[in-house]
Amino acid sequence: QQQVRQSPQSLTVWEGETTILNCSYEDSTFDYFPWYRQFPGKSPALLIAISLVSNKKEDGRFTIFFNKREKKLSLHITDSQPGDSATYFCAASNRGSALGRLHFGAGTQLIVIP
Amino acid sequence: GPKVLQIPSHQIIDMGQMVTLNCDPVSNHLYFYWYKQILGQQMEFLVNFYNGKVMEKSKLFKDQFSVERPDGSYFTLKIQPTALEDSAVYFCASSLDWGKNTLYFGAGTRLSVL
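Chains as they are written, first to last, in this note's numbering: chain A, 304 to 417; chain B, 4 to 117.
Chain B extracted, bound-state conformation (with noise of 0.2 Å):
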């Protein structure tokens, strides 16, 4: 089926440090979207995007946040600075059509913030 790949699998990095998660979602897909996971828990909302803009985000999408997809390349999630509780698994996922909800997941990417 339709693969969206996330880019890197596991990211380490300290507390303040700037992160960049990389997304490649399916190809004519035209809404992209962001999830959280903390370990054990369900996964969260985060934002989603549609033709470069930002449609809806959650409380969660905080002011160190922010998402581009310049030039139909990766869809990307930008953390300057990250926390300590920004220590989770990002899930990335697209859609062809918002009303289907059908959402096509990545794998994740763990992040680590130490």
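In isolation and in its complexed conformation, chain A is listed as follows (with noise of 0.2 Å):
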């Protein structure tokens, strides 16, 4: 069973377009949600994060927003650079129980033209 589902599966968007990228999860326990990013050939590594105490999360050009009723999230890249070009990784976890336990999404491969 999926328990993170990310949408959608690739992307390509023209310099300086806004980006979305979608996820929704399925345990109403989860309570982290971090966004990870990974270049090709390159280590995942943590790019924004978000807790069910808040609604929205922003950071420079990335922003989260949080629909908890509908378990529901979106990175927001705004002025998209070529050098955003990666896959990202939505997860979600349960600090109160999994020791550092993250349950992945599959991933959106982003491309940026210039």
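What the hints contain is simulated information worked out from the structure, not anything from laboratory work.
A few of these clues could be false.
Below are the DMTMM-like pairs computed for lysine to aspartate or glutamate, each with C-alpha atoms no more than 20 Å apart in a straight line [as the list claims (entries may be wrong)]: (1) LYS60/B / ASP330/A; (2) LYS60/B / ASP89/B; (3) LYS65/B / GLU88/B; (4) LYS60/B / ASP100/B; (5) LYS371/A / ASP330/A; (6) LYS62/B / GLU88/B; (7) LYS345/A / ASP27/B; (8) LYS65/B / ASP89/B; (9) LYS345/A / GLU47/B; (10) LYS62/B / ASP330/A; (11) LYS371/A / GLU361/A; (12) LYS360/A / ASP382/A.
On a predicted model such as this, the values are computed, not experimentally measured, just so you know.
These two chains come separately, so use the hints to put the complex back together.
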């Protein structure tokens, strides 16, 4: 059973556009939602994260919007740049239980065209 | 930022052989993890390890799998014997504090079982 789902699977945008990546989850006990970014051949690295107490988390051009009732999140990247081209993974966990066990989505591959 | 190193980056072996994947976690981290990613799919949790013991493992962590970190050296994942379905990229991760859930990942070892 897939606990975390992401859409679209891949996305191509022009430089300067706003990118929207979607994520949804099943388990209502999840309370922490990090987004990881992975460049080809590199390690996945934490980009931005949100917890259940917030509806929105902003860090520069990256913003997470969180709809708790529908169990949906979205990552917005404003003024998308070619350097943002990577695979973005949404993840979820219950920090009160499993020891750091993250449930990952299958990722969205983003290509930003100059 | 903190780096997790994985050695080797690619390993090719014959089915039935033993393989050991090595991970050098961030030096002051206490919690260690292995995740498995089949091409095009999400990273899936295998196991976490703390204070010399497996704390939690998933159904994917078969009896043929074992982990250890002898004397603070490499954190290893051993598969004996290997099967064709073990072909995947294996990511090691470490964290300082499970509660914060900031996992730092290595670049992965691509295992090809022939």
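For which of the previously enumerated hints does the structure constitute a violation, in increasing order of number? none
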